[in-house]
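S.K.: Using numbering that gives the first Met the number 0, the first residue of the sequence shown is number 0, and each one after it goes up by one.
Mixed in with the good hints there might be a few duds.
Claimed, not checked - Cross-link-like lysine-lysine pairs, in silico, BS3-like; alpha carbons within 25 Å at most:
no., residue 1, residue 2
1, LYS394, LYS432
2, LYS338, LYS226
3, LYS226, LYS212
By construction, these hints were calculated from the structure, which means they are not laboratory data.
Quick caveat, the model's predicted, so the values are computed rather than measured.
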Amino acid sequence: MSVFTDENGNARSEPMSDENGAPVLCRSALAARDRMIEQLCALPPIATALDAIIERFGVDQVAEVTGRTRRLIVGRNGRQVLQSRSPRANVAETRDFMDGTKRILVFSDAGGTGRSYHADLAAKNQMRRVHFLLEPGWRADAAIQGLGRTNRTNQASAPLFRPVTTDVRGERRFISTIARRLDSLGALTRGQRQTGGQNLFDPADNLESTYAKEALHRWFGLLFAGKLEAVTLSRFEELSGLRVEGADGGMVDDLPTIQRWLNRILALPIVLQNGIFDEFLGLVEARIDAARQAGTLDIGVETIAVEHYEVLTDTLLRTDALSGATTHLLELEIARALKPLRLERLEEFYGLSGSRQQLLRNARSGRIGLLVPARSLLTDEGMRVARFELVRPLKHGHITADQLEESNWETVDPTEFRRLWQAEVDDAASHLKRERLHLATGLLLPVWDTLPSDYVRVSRISARDGRSLLGREVPLHCVPELCQAVDFH
């Protein structure tokens, strides 16, 4: 390559050629290329997810419903064999899975529409389906079609959905896109966002949300100020090709968009991108936690499944003069069946013998909990806030190191921990939890501005007998103010 200076004074490079126009090649570069090609050819082949599953469990156990007409399989002698697949192979594979001949089924877009893989009561194989969402793709409608193949009517049991990712943080880029598009699809087709995503994703999974965009802007500010640990400003600009510092020495006004930033992060070394993502997600989760604690986190319609509910009072707040539609304030008593986390599942998910876990008991309440390290939050000033996940039989949440130090949690020996955990599980499973709440229902748009602006929670109360109520929750202390605001006497 020959180096020259353009009209703006910037150093540029272009291919070098001799006086006859033939390219001038660098012998050392050619030798390095040949060595790299030889090294790449010597590496073992990396199987795709589909081929890896078939190789691991065998063609006798895996039903493949894809558009492939040929595939490489490993024969009994250990050698690879090229196998042809006819257009009717998918029909036979589906039948083998539904009959229970094959326990595993892998399907792609070719098998994602017009077929059923659910635990059909009319099929021999009525085992509960565990649906691993491995490569959802970019199309939200196709992802919804795929999710619907294992969750249909007349089924023995509902499936368990398991989105799958690796520990490479940059992969969150792809999860983020499909999560956002599923939300958009749900809003268009059903009038509420989370119906598109089937509640598979957390608000933190959408890296293109308002919280994520605010966090990225602050991340750039911390990067420019040199307060990040994962990377410096000069190294980030060198590796990513993104410009953060302007010619005047200040931060540029037109910072990269979050989509462009995410794409560039994917090209960085895995250790570096993991470090950058940890700090970025610390900023995102700090904002989401703050919104959740303030009651302003918008998660769409939240379904509250109850055994039954009783309407204690029904207050008519407003009647529309034109349509006659009414607005009501209901006082409800709901009874929910508690679903505690069993001790066996706790050990499966977290383990109890590791050095990172702490077995705790609250000296004040007597309740039990498992403390597990979690991702640290990052303040807007660049300070790390150490945080833990506190897992309890009936709920789990997060607690900072300072909050833990000021609390009544204390360590307990494993034998006592198991006994107390099992006691809480048995107690929770033996009775229903009853609570009261106020729900504004009916025609809410005319009175929306009178509802508490700092507590926006839309809920669907769904009872086991099929009854349901949809409305917006109203905290008890806001009820008198609401009634006064709509001129109720």
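S.K.: All hints are to be evaluated individually against the structure, with a verdict given for each.
M.R.: Evaluation of the provided hints:
1. Using a Cα cut-off of 25 Å, the hinted pair LYS394 and LYS432 holds, with the two alpha carbons roughly 14 Å apart.
2. A C-alpha spacing of about 43 Å is found between LYS338 and LYS226, which places the hinted pair above 25 Å, so the restraint is violated.
3. Using a Cα cut-off of 25 Å, the hinted pair LYS226 and LYS212 holds, with the two alpha carbons roughly 19 Å apart.
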